[in-house]
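Chains as they are written, first to last, in our numbering: chain A, 1 to 220; chain B, 1 to 220; chain C, 1 to 220; chain D, 1 to 220.
Note that these hints are calculated values from the structure, not bench results.
A hint or two may mislead.
[What the hints assert, rightly or not] Listed next, the stretches of chain D that the computed footprint assigns to chain C, with coverage defined by at least 3 CB atoms under 8 angstroms from CB atoms of chain C:
{"hint": "1", "stretch": "94-107"}
{"hint": "2", "stretch": "114-127"}
{"hint": "3", "stretch": "144-158"}
{"hint": "4", "stretch": "211-220"}
Quick caveat: nothing in here was measured; it's all calculated off a predicted structure.
Ideal placement from N, C-alpha and C gives every residue a C-beta, glycine not left out.
The residues making up each chain are set out below.
Number of protein chains: 4
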Amino acid sequence: MDELDTILAKTFDLDTEVYHRRGFKRRVGYGAKPALLVIDMANGWTQPGSPFACDGMNSVIPAIRELLDVFRDKKLPVVFTSTAYDVTEGPNTDMGLWHLKVPIETMKTGSWEAEIDSRLQPADGEFVLIKKRASAFHGTHLSSMLKAMGVDTVIATGVTASCCVRHSVEDAIAEGFRPIVPRECVGDRVAGVVAWNLFDIDAKFGDVEPLADVLAQIKA
Amino acid sequence: MDELDTILAKTFDLDTEVYHRRGFKRRVGYGAKPALLVIDMANGWTQPGSPFACDGMNSVIPAIRELLDVFRDKKLPVVFTSTAYDVTEGPNTDMGLWHLKVPIETMKTGSWEAEIDSRLQPADGEFVLIKKRASAFHGTHLSSMLKAMGVDTVIATGVTASCCVRHSVEDAIAEGFRPIVPRECVGDRVAGVVAWNLFDIDAKFGDVEPLADVLAQIKA
Amino acid sequence: MDELDTILAKTFDLDTEVYHRRGFKRRVGYGAKPALLVIDMANGWTQPGSPFACDGMNSVIPAIRELLDVFRDKKLPVVFTSTAYDVTEGPNTDMGLWHLKVPIETMKTGSWEAEIDSRLQPADGEFVLIKKRASAFHGTHLSSMLKAMGVDTVIATGVTASCCVRHSVEDAIAEGFRPIVPRECVGDRVAGVVAWNLFDIDAKFGDVEPLADVLAQIKA
Amino acid sequence: MDELDTILAKTFDLDTEVYHRRGFKRRVGYGAKPALLVIDMANGWTQPGSPFACDGMNSVIPAIRELLDVFRDKKLPVVFTSTAYDVTEGPNTDMGLWHLKVPIETMKTGSWEAEIDSRLQPADGEFVLIKKRASAFHGTHLSSMLKAMGVDTVIATGVTASCCVRHSVEDAIAEGFRPIVPRECVGDRVAGVVAWNLFDIDAKFGDVEPLADVLAQIKA
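Kindly generate the complete structure, drawing on both the sequences and the hints.
Okay, here's the thing in structure tokens:
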């Protein structure tokens, strides 16, 4: 899809000009204490076979590992999420209404699909949040947990750009956290969708930055 | 503590007079579809030994079972909660700040203490919500799950009156659900505290009613 | 930007094929009681001059009016939102962190910019919600207010597609409401952004439908 | 009601013994940055005439003023709340379900009753939050606003002990803030209710401390 990439790049340039003239696309920047959020890097998203399987995992996973190494080295907080359901049949389900749009009935609590990919194995003391909705913050204790830790900045990584990552980033700034998205650490499953969603995020909700810059900031 | 009961009864009569004169203590009543909420009836609260062990379980458990039977018979939604933590040491805990007030570090995810008491064994398709805070609604997907089910009324039972039951009832009406508390289905662990909290709940947040009346309403 | 429209249409076709094969892009459909949500159709967005001024208002406003007429005729609930701030200077602001990304310091409480455009004048008994974040649900009582009204479906209209409308729709389904977006009733301010965001919404969060179909459904 | 006070004191001593043995009633303590929360000190609560009128305002108001002076002197954040409704008739009200329990239909947006008592006049730059539910946090942007300010401790004052103050304190610790309640700064309207609710708060949700101690801590 070279043609798509070219026209998207041209569009983003034009749109950026409008945003800059209007005072959008400011830098939210780093606060005093970041947490690393690794969103839905579970087998159902990172491995072939599930309806949720994503593209580009061979580059996204090593990119997230670089961040993980730095966060662990600095003893900074790391939170993983997965999305899984206990009751996927009948009217009394924990899926809410979301299965009316997307095939979340395939993500069962305790399944291999819901388990974090072993290439990103959570360490002892790293919390794995099982969420029910797209956002890692919506209907969860994530915000209060990070607040209690004194966290003010959220480095958001994982999948997918157009769904769980984007909704989480929108909620992060709404909750009073500075969201930073390292470009190489985010994936999705259809053409154009990562580029567009990162563009929107950078314009309005959080800073999309090269991984190298984020690594340098966290190390500093 | 007969003396306490006597003076509390007298106080509630006087206070009720003020509330009635002022237009408080109205009946919120029943909507079209109730859910049964069984709060923290896990071994740590229902059995001796834990710091959270409650009094009166020999009457509270059978009372809740009567409701469970009717809800199951009518195929109405039932949700259980327990409170448990994955990371109870170090700075990156899911306890938030609550362990700075109460000994929640003793309630570990996957422990016998966090498991629902077998006398109230959840059936297939009945969701067990592991919450992190007092309220069953705070930082959970309970509200959206009940809304998606079409529930408009919450029958709140369990422990404790002064903590998880009360905060859940306050949140229930704030979220737009009609809270009903069957008096016999609620317990706690110190003198006077059930009576006082049910009095406050009935004045301002939900209807405290005899179990027999609630059973009759749900059956009807 | 005909070239952009053409390539976007081609991309959405390809992406839709993937989504359909995977079981995404299902129809959430209509429940029993809809509410109309008119998002940020205040002068700062609908009229020239402010950094937030949007394109296409000459078609979006009449489209929303058609819906307003039907909702008022049927006596169904209508909620307007605007975004405005009381304290836009100093450290103790109600803007949270959002002014670090977008120029919200220009939207003052009580200003002409924050007032609903007179072409969409709220009627008596129609609530105007002053929100502080992108989503109409985040940090507001909207969800509980709609729940108390028995609403189960939200017809989302207004501006902007990539920000307040999208975040509101994501939150609506997360909260247990069925979101429907009438395509003609949504605007934004840069090229391509309405099309892409409606595509993402329709794939994962709510149904994007022609206004004529939505009008027919509400009338029925 | 000397008899009530005596028996309550005796009960609290007995209950405290149980709580201490069990590891409850810990001190949450002060963090690095406190905010002062002045809850519902509006004319409807502080002056005679409304159903919400409270007792003891002649001592509560000067006590809160002492705190206000220190917070202003130190340029620390102060947030006032009031509770008021735009639509108090018909089905589409912003009251949610709460008017089914308490007479909140008497508290109209823009009325004298909803205005902060002039003895506690908010200063420029002090935010007045108009809330719809009991808790200052529920369905509001308070948590995210305080988080964005770097606040980690909430000094909760105002009315009433059994309703808005208690629910706010429960939510404050659930959200990851340290709640401190200066005993002299809280009021209510029926016998026994301040004492009991402060006792429950101190056992489980926040530290109830003498005003002199809180003043000394904030000054330090």
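Taking the hints in turn, this is what the structure says about them:
1. 94-107: holds (count 4)
2. 114-127: Check passed, 3 qualifying residues.
3. 144-158: holds (count 5)
4. 211-220: As far as the stretch 211-220 of chain D goes, the hint is violated, because 0 residues have Cβ atoms under 8 angstroms from chain C.
Checked against the numbered hints above, the structure breaks only hint 4 and satisfies the rest.
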